[in-house]
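Using the hints, put the two standalone chains together into the complex.
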Amino acid sequence: MFIINCPYCGERDQTEFSSGGEAHIARPKQPTELSDDEWAEFLFMRKNIKGIQFERWNHSHGCRKWFNVVRDTSNDKIHAVYKMGEKPPVNK
Amino acid sequence: MSQELRINNNKFIDQTTRLSFKFNGEKLYGYKGDTLASALLANNIHLVGRSFKYHRPRGIMTCGSEEPNAIVQIGNDPSLTDPNVRATEIELYEGLEAFSQNCWPNVKFDIGGINNLLSPLLPAGFYYKTFMWPASFWEKYEFFIRHSAGLGKSPTKPDRDIYDHKYYHCDVLVVGGGISGIMAAKLSAENNNETLLIDDKNILGGTTIYQNNDCFQIDGIHTNYWLENEIKKIKNIKNLTIKTRTSLAAYHGYNYLLAKENLSDHLSPDERKNKIRQRLWKIRAKKVIIATGSIERPLIFNNNDRPGIMLSSAIKKFIDFYGVKTGKEISLFTNNDSVYETAISLKKSGVNIISIIDIRDKSSSKIVKEVEKHNIKIYWNHTIVNTEGYRRISFIEIMKLSDDGSGVIGKKIKLKTDCLGISGGWTPMVHLFTQSGGKLKFRSNDNVFLPDKNKTPSDQISIGSCNGDFDIKDIILNSNKDVKTFLGIENSPFDNLKVESSREEMKRNIWLLPSDKPIGKTKPFLDFQNDSTAKDVKLALREGFKSIEHVKRYTTTGMGTDQGKLSNMHALGIIAETTGTNMGELGTTTFRPPYTPLTFGAIVGRNVGEFFDHTRKTAMHNWHVQNKAKFENVGQWKRAWYYPKNGETMFEAVQRESKAARESVGILDASTLGKIDIQGTDASEFLNRVYTNAWSKLAVGKCRYGLMLNEDGMVYDDGVTTRLSENHYIMTTTTGGAANVLTKLEDYLQTEWPELDVYLTTVTDHFSTISICGPNSKKILSKVIPDLDLSDENFPHMSFKNSIINGIKCRVMRISFTGEHSYEINIQSNYAKHVWELCMDAGKNYNITPYGTETMHLLRAEKGFIITGQDTDGTMTPSDLQMDWIIGKKKFDFIGKRSLYRSDTIRDDRKQLVGLLTDDPKEILEEGAQIVEKLNQKPVEMLGHVTSSYFSPNLNKSIALAVIKSGKKLKGKKFFVPMENKNINVTVTDTVFFDKENKRLNA
Ligand SMILES: [Zn+2]
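If you read the sequences in order, they're chains L and C. Under this note's numbering, residues 1 to 92 are what the first sequence spells out, in order. Under this note's numbering, residues 93 to 1095 are what the second sequence spells out, in order.
So that you can see chain C by itself, here it is in the shape it has in the complex (with noise of 0.2 angstroms):
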């Protein structure tokens, strides 16, 4: 088999440049200009794969996007393989594998074809009605659906190719390059616009490019010659950029499109090598011009679906531009005047026709006219009935139509055919245009949605065929005036243009074709894709579905991959009819974005791996790398976790680390918590606003813990500020809420306090903070800094210092977080890794200890300090967590003050911060743990839960924090943890586990 029905002499393939490709296993031949489809009708390969309910044999309908039954599977490289590709649009390359998708074992012989025999018990909503009972089965189900019904696999491993991003800013861009896009973009570039032409074929020109008929002239040429020469003509032109091989995805406001181009796709896998495979550009245009054109409407009759059976305007194309016969004995079926031109185009390359059906009465058009000639028989007033033939059609029945179109009568005729056109109209593609907000009105004459010019975005406009005009005259007449119009020209070079064409007057349609059997027994598909019928959409109605849009579910018309680019239409006009209703009322179901399938790696691009997203690392990063540390993600922070030394497990690295701190001394790497410079002379007035306590008191050089909450009286972060002098703070957040704390203190800044004199900055990157804590921390740090006063009388507890390290000026808190003696050192960033190094070696001989966030956690912990948003989660206030001790109440304000007695927060059930031992003083709590107090309760109540839970090697049992209904006044209480498979008894205590009176502080 060897390209039997490929004809010579075509000029967009390359038959200079034969490709072999396999489908399915089996090699074949094309040429350079081929689509996969092309190729394999060359071959005379209608089949393609099976369809996903019924499994019935489907074949090569279309020759562009809206393909619903060419989709395959392309390779089975584990990272590279591509599913869900639509024949009709990958070009074809050296050695490329494609595979049927939806079919097991083999195309030919097709294990689910069964479901074709039981189609009687397969009808709309069947998986909603069956699979939904009873639950315990729903595996069993998922698993037959999942195998029965293949829409391509997955690659498994990751994908190597490299995808890209572009943003793109222009005056003007037009999308679609048939001939009404050629000449608006023409128009506008000559017109000092910068212009950007994008269209998703390979070849510029649209179906005129191939429109080679004596009927359709322009200044006395045939349209494709014009069109070429017009082509030629713009590349030309300097502010005109153009894209071919690149779909527009989506269109949303402000005209910002996303358009993908393919870059390497249809080149060899040897020449891809490195090449960039797809790029996403991201566009804001000025102004938007819509010419992506309509495609054909298939018609609707009994075993519409069968190999061979493809849309008149794809056997055109196949022919007229590929050069390749879809059949020997063709049969066109129609209601307009479209399948004469493909009739003519066949002849023209010696196909025998064996008939053309038309359910119109008659056409006595220029081009009906110049078919007569070939004395190609017409069946007027007629329709298909029945077709024949599993693996590709064989015959047709046709029989004459009743009067109103409802029924058939006379004799049915049977005619031998091998493939059969069909063309029920034109749909203008207003995907596009829906999604950028424009709405759509109706046009009754031939059942067209189209822009509604008055309610069309005001920097876009619509033209050619997706405008509704089908006409050449029109297409070129409108848009040559519409674009003027839009882009303010005066003259134009398409002002005075001859143009000829056969015009169409005659209309007849009839959405659902009659049988000479009843419905009930006929298959009139209406999406291919997703196998629902006419049927189906009428069971849905007498079901009680109403909306279009649950009639689109519960059938699943229009939901596949094709988004029912073919169906939609067809599904509207039966579901009209059959209840009476208007279709202009109707409306169309929601077209969203995106028009054609893109793939993740589009959307992604290059932020893959480490790009995914940012990553912060601290200055001192590399050391905690060196000594092998355990990375939490802490936001896009990396924060040191804990260091396991000689195959230590997590647990007993904690231990040791939290030991180490309270014995003798440990050193945290604290660069991450949040901080922001405050400046200002009214910076203490602000501090007094934005936190719960006083703050025009604090003396300078003094350093104060500080709880801010959220207006609605809730805790929303802590950390300690530092006077540095007179009008000069800075205040630490906590790690994950620096960035928000910040936006937050602008806000009232900016919007409620623009009186006060005061200026925030962020220096949570300029600074880094080493914590030195524990008993042996001060002799640390007087190595670190000889020249330093560290007795209690000039550096106590909550105090600061600047000072000098090594010529290096630094700030020194002396704060704590553990309970223990211990100092910050804030530092300049590039510094700060010398730093830490130089504490290190200081503590040599004090076993000085790095401890990472886990052991700071538990550490706290045993002295029972909150860390928000793990002790807290946005509905705990300042007395839910035992913290009375920080409002002050003689302030006149601050944020949050009055919520904190709103009658919700003054209740006393509410839930509260208490402390929780086990009975059992080796067993550790789960945090996140449910509290309960009676076993036996149905439902049980649930009275709180552990927020903080840790076995504490200081004190030689488990500790935790939890939050229990009036837990305040439960001290002393017993209640049960239950878990899996045992109840925990536990008893609240004091949130204070460990030094309760402080004395380590100054130890």
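Bound conformation, chain L alone (with noise of 0.2 angstroms):
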């Protein structure tokens, strides 16, 4: 069970949060532009990395911001919070 460094609060531990999937996955600004498979990429298709991966996080029993994580999901490090619209502080 790790600890999240907050953006908003600081450090806090995991069952104040919940987790939002892969990060950086911006909603298409003209949808009705997009064929069936592109929005389909959009939609369903999310990476399962073993390794560093980039998540989106929320501080749903705190401040209810959302943020991002850089974490090896091998072994639960977190090398990175950020807030959401900032870039990654590590490269991607």
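Calculated directly from the structure, the hints in this document are not laboratory data. There's no promise every hint is true.
The list that follows gives simulated cross-link-like pairs (lysine to aspartate or glutamate, EDC-like), each with its CA atoms no further than 16 angstroms apart [what the hints assert, rightly or not]:
(1) 547/C / 76/L
(2) 545/C / 587/C
(3) 506/C / 489/C
(4) 83/L / 838/C
(5) 374/C / 38/L
(6) 989/C / 38/L
(7) 1065/C / 1019/C
(8) 29/L / 803/C
(9) 751/C / 489/C
(10) 65/L / 839/C
(11) 989/C / 33/L
(12) 378/C / 489/C
(13) 29/L / 985/C
(14) 955/C / 1087/C
(15) 83/L / 844/C
(16) 65/L / 286/C
(17) 258/C / 13/L
(18) 1060/C / 1001/C
(19) 378/C / 11/L
(20) 573/C / 587/C
(21) 461/C / 597/C
(22) 983/C / 11/L
(23) 29/L / 286/C
Which stretches of chain L does chain C cover? Using the computed rule of at least three CB atoms under 8 angstroms from a CB of chain C, they are [said to hold, decoys possible]:
(24) 1 to 9
(25) 45 to 57
Sample of chain L residues with no beta-carbon within 10 angstroms of chain C, all distances over it, derived [unchecked claim]:
(26) 16
(27) 27
(28) 36
(29) 41
(30) 62
(31) 79
(32) 80
(33) 81
(34) 82
(35) 84
(36) 88
(37) 89
(38) 91
Just so we're clear, the structure is a prediction, and the values are computed from it rather than from any experiment. Here a beta-carbon is modelled for each residue, glycine too, at the ideal position from N, C-alpha and C.
What follows is the structure in structure tokens.
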């Protein structure tokens, strides 16, 4: 059970957060322009990496803010935490 | 029989406090400080249970948590009895009652012992191979297995004990209070670290605290005296918290550890009253020092499981710590030096040692020389080939080993003995280390798996014998050095200690010791609790099981409550040897938490009964209770379900309520609906994007029903939203969806549309909602709020007014979920019960009828209104629900819009919502029942299912909603709903059954 450093509240137990899956998947600005395949790519396709993964987390039992986390899924080590809209502080 | 094997003069046992206890009904005595095991042994009782499969007599084998045999049931109170307790761990108290578990009718005559005679027929995988077929026999097999394989009895009544949870944060956690743990705790705490030291025993000091032997000295005194002194000193360190009787159960990532503290298991029932039984510690430590020690390995030889055969280290602890002789004529059997320490302890206490059998050629270490001085017969290069004695070992047979150790030679020697101490070396306890994510490496000279320093998480170390140091000199030197480095300490009081020890030089290891009989005729037990032998492992390998995890499951080796603490290494060794693999490459099985079993009580703590989950009650809850409402759980909410009167059944109550709501007036507590306050200059635009229909043109003071989709186009939630002012809306959601809708809206707002000026606040609990519906609702409201103009011109359907009731501000919406003329009063929750009672008063002359969720569901079904989550299941689009009218086709975008014309969502054979009428109007369908077209088809094609079904008192017939493939095109078509004993004929209809023209809304 890991500790997440919420960029708004500080270090909190994992139980206060909920995971929102892979980060940096922007919702298309003009969905109607997309083919079925392109829309399906956005809608369904997610990576499941063993190693460094960029994820969204929500401090659901705290400040309710969404933010990004860089986590090594093989050992749960969190390498960085950054706000929505910010560039990842480590190379993607 | 009165503690005939007790010796006097022992400082760990309080011989002035005699305690009585019962074992299998027999009254016995022990002393304060005993465990159940040591007290039994003092009374010369070894036989404590029967083995799992063959029901062989088994005795106490160890003195700790690795005990495989002495597993007992404590007490027989149906709410407090405790199964699977290790006799070696439970401390004796006055009045303790224990029972052997795995034997019937009793431990001395056990009917299942017949399995032992049948054992050639019970090989590895026997249960898998035999009880697989025929399937119809399974119930009989299960009965047989469960009755013959007793693993204790569960309590049958609720647990009366109190359990507790505690959160704890510290700089350094030291696990294990042996010599290295004590050193680490002292170094840590004296260097400004808030330190917690835990140990599972009642007395600190591990095995060193009773190591009173000339060969082992620190600064000129015996190690036990040196350590005793250190323990005295650390008790005064301010930064150090010490918890004994506390065992570490699990080591999770980020140094999150769970430990169980026993607070009253060692007290008599009288002393326990009103005390907490166990406390689960949830520890976050910045750094963790693991000093969990090691456990001795058995040796694997023919008939190595008889009562009286014990680990040599256990014999030593029983004599040195508990003052109990485990036998009168003891033999020792070893492949290393540690039994020689036991020999000296026994000699000191005047126990007769028959012989030492050592599989090594020789050993000339200091301790062996010391033993040789006592004229004890040592058989070098010998092994035990057989043992005798049914309920207690009586003889051993020994022979000389061949040069390569694979066979035996020479003459068989038979020796009389009533207790045999065995030692196959030591296994570091690396369970916690691996649980935390650390990786092991293999050291081949003494066949141990050790923490790999290069693959250890950075915030922990392992020290002492769990790190592979078995010599006291190494333990002290390395623990001191490693802790200093780990904590950044420069000087330590342990820097210049002079340590004397006896260094072991000779080693020899044979995983499976040979006998003069072939392997097929021998019983070399590997896993004592699960009764698997070396033979079983070899059979599994012959049958093609190669992975250690598969062999484990097939033979059940290592799968008992002891998790194979004794058996795993030998199983690995035999597999490696048989398959010609290197043990290091083979690896170990996964060690999973908990390290020792946890009680359910400790896991749930105080979260029992009404504290198990949060219960949410509306402001009117007590009124519902007083008016005899039955409640249903909706999420965490308690909702009034129906209000039975004069012994009505649920059906009768709901029929009455439903008629009253349509004929006069009904009142519903709708407070549990989710309410989200939405404010900001972009609030309208935001609603436009999250709902399928258009919102920008909704006038202030108006309400609108909205449907919310997931991005995949499937209906997610629905509800009415009201425009309170230019930039202020109040949204309602379903009761169950409230929290998720808010999370989802926040997600879009924060991550996709941060440019929107919108703020969301949940106000579900702040406002309560009273819904008044029916042709007389207007009359009630005009009495409650006389000042409000309720004319259709001023206050039409789907609009809202701010108002005041008795000086209390409220919001009144004219909206309807039943199709009747109705109002919803939203009022600050602390006044809600008062306003509810005003409404009840005002309705007296109109037979105002409180109704619950069941009637609400019935009334809306009459109108064909959906309930998300009941008529939808996450696979229904608005079009599937025949709600195409709510799609804002001209809107540029909204959540899920693009998905509405994916190739899959535009298929016309999707399941679609329809109405369903039974040909017999009295027949009520079951919700969830399947709908089919052809009855004689194989397999029969399921076309859909019933989602809502009621008997409508207002139509005097049964009605239902259902989803059916291509349902939209099937109006008038007939189907079957097959039930267990009949087929019900149904016809597809429109979804609206009642008042199709919506005349009643303005009635
Ligand atoms: Zn936060």
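Results for each hint:
1. Using a Cα cut-off of 16 angstroms, the hinted pair residue 547/C and residue 76/L holds, with the two alpha carbons roughly 15 angstroms apart.
2. For a cut-off of 16 angstroms, the pair hint linking residue 545/C to residue 587/C is broken: about 22 angstroms separates their Cα positions.
3. At roughly 4 angstroms between alpha-carbon atoms, residue 506/C and residue 489/C fall within 16 angstroms of each other, so this suggested pair holds.
4. As the CA atoms of residue 83/L and residue 838/C are separated by approximately 14 angstroms, the hinted pair is consistent with the 16 angstroms bound.
5. Of the supplied pair hints, the one linking residue 374/C and residue 38/L is violated, its CA atoms being roughly 47 angstroms apart against a limit of 16 angstroms.
6. Only pairs whose Cα atoms come within 16 angstroms are accepted, and residue 989/C paired with residue 38/L is accepted, the gap being roughly 14 angstroms.
7. Of the supplied pair hints, the one linking residue 1065/C and residue 1019/C is violated, its CA atoms being roughly 20 angstroms apart against a limit of 16 angstroms.
8. With a CA separation close to 14 angstroms, the supplied pair residue 29/L and residue 803/C stays within the 16 angstroms bound.
9. For the suggested pair residue 751/C and residue 489/C, the alpha carbons sit about 90 angstroms apart, so the restraint of at most 16 angstroms is broken.
10. With a C-alpha separation of about 8 angstroms, the suggested pair residue 65/L and residue 839/C falls inside the 16 angstroms cut-off, and the hint holds.
11. With a C-alpha separation of about 12 angstroms, the suggested pair residue 989/C and residue 33/L falls inside the 16 angstroms cut-off, and the hint holds.
12. Taking the CA atoms of residue 378/C and residue 489/C, the gap is near 54 angstroms; set against the 16 angstroms cutoff, the hint is violated.
13. Distance check on the hinted pair: residue 29/L and residue 985/C sit about 9 angstroms apart at the alpha-carbon level, within 16 angstroms; holds.
14. The hinted pair formed by residue 955/C and residue 1087/C meets the criterion: a straight-line CA distance of about 7 angstroms does not exceed 16 angstroms.
15. Restraint check for residue 83/L and residue 844/C: satisfied, since their Cα atoms lie roughly 13 angstroms apart, inside the 16 angstroms limit.
16. With a C-alpha separation of about 33 angstroms, the suggested pair residue 65/L and residue 286/C falls outside the 16 angstroms cut-off, and the hint is violated.
17. A hinted pair counts as satisfied when its Cα atoms are at most 16 angstroms apart, and residue 258/C with residue 13/L qualifies at roughly 15 angstroms.
18. Taking the CA atoms of residue 1060/C and residue 1001/C, the gap is near 9 angstroms; set against the 16 angstroms cutoff, the hint holds.
19. For the proposed pair residue 378/C and residue 11/L, the alpha carbon gap of about 13 angstroms is at most 16 angstroms, so the pair holds.
20. Distance hint between residue 573/C and residue 587/C is fulfilled; the C-alpha atoms sit about 8 angstroms from each other, no more than 16 angstroms.
21. At most 16 angstroms may separate the alpha-carbon atoms for a hinted pair to count; residue 461/C and residue 597/C meet this at roughly 13 angstroms.
22. Our distance criterion of 16 angstroms between C-alpha atoms is broken by residue 983/C and residue 11/L, whose separation comes to about 42 angstroms.
23. A hinted pair counts as satisfied when its Cα atoms are at most 16 angstroms apart, and residue 29/L with residue 286/C does not qualify at roughly 54 angstroms.
24. Closer than 8 angstroms: that is the beta-carbon criterion, and the region 1 to 9 of chain L has 3 residues meeting it against chain C, so the requirement of 3 holds.
25. Look at the region 45 to 57 of chain L against chain C: 1 of its residues bring a Cβ nearer than 8 angstroms to a Cβ of that chain, fewer than three, so the hint is violated.
26. Residue placement check: residue 16/L keeps its beta carbon more than 10 angstroms from all beta carbons of chain C (closest about 13 angstroms).
27. Residue placement check: residue 27/L does not keep its beta carbon more than 10 angstroms from all beta carbons of chain C (closest about 5 angstroms).
28. With a cut of 10 angstroms on Cβ distances, residue 36/L falls inside the contact zone with chain C, its closest approach being about 5 angstroms.
29. Once the 10 angstroms rule is applied to beta carbons, residue 41/L is consistent with being away from chain C; the minimum gap is 12 angstroms.
30. At roughly 12 angstroms from the closest C-beta of chain C, the C-beta of residue 62/L stays outside 10 angstroms, upholding its exclusion from the interface.
31. At the 10 angstroms boundary, the C-beta of residue 79/L stays outside the reach of chain C, the nearest C-beta of that chain being 14 angstroms off.
32. Every beta carbon of chain C lies more than 10 angstroms from that of residue 80/L, the smallest distance being close to 16 angstroms; the non-interface claim holds.
33. Non-interface call for residue 81/L relative to chain C: holds, since the shortest CB-CB distance, roughly 14 angstroms, exceeds 10 angstroms.
34. Distance check on residue 82/L: its Cβ is at least 13 angstroms (rounded) from any Cβ of chain C, clearing the 10 angstroms threshold; non-interface status holds.
35. The beta carbon of residue 84/L is not kept farther than 10 angstroms from every beta carbon of chain C, the shortest such distance being approximately 5 angstroms.
36. Every C-beta of chain C lies more than 10 angstroms from that of residue 88/L, the closest at about 15 angstroms, which supports listing it as non-interface.
37. Interface exclusion of residue 89/L from chain C stands, the closest Cβ pair being 18 angstroms apart, more than 10 angstroms.
38. Against the 10 angstroms criterion, residue 91/L stays outside the reach of chain C, whose nearest CB is about 22 angstroms from its own CB.
Checked against the numbered hints above, the structure breaks hints 2, 5, 7, 9, 12, 16, 22, 23, 25, 27, 28, 35 and satisfies the rest.
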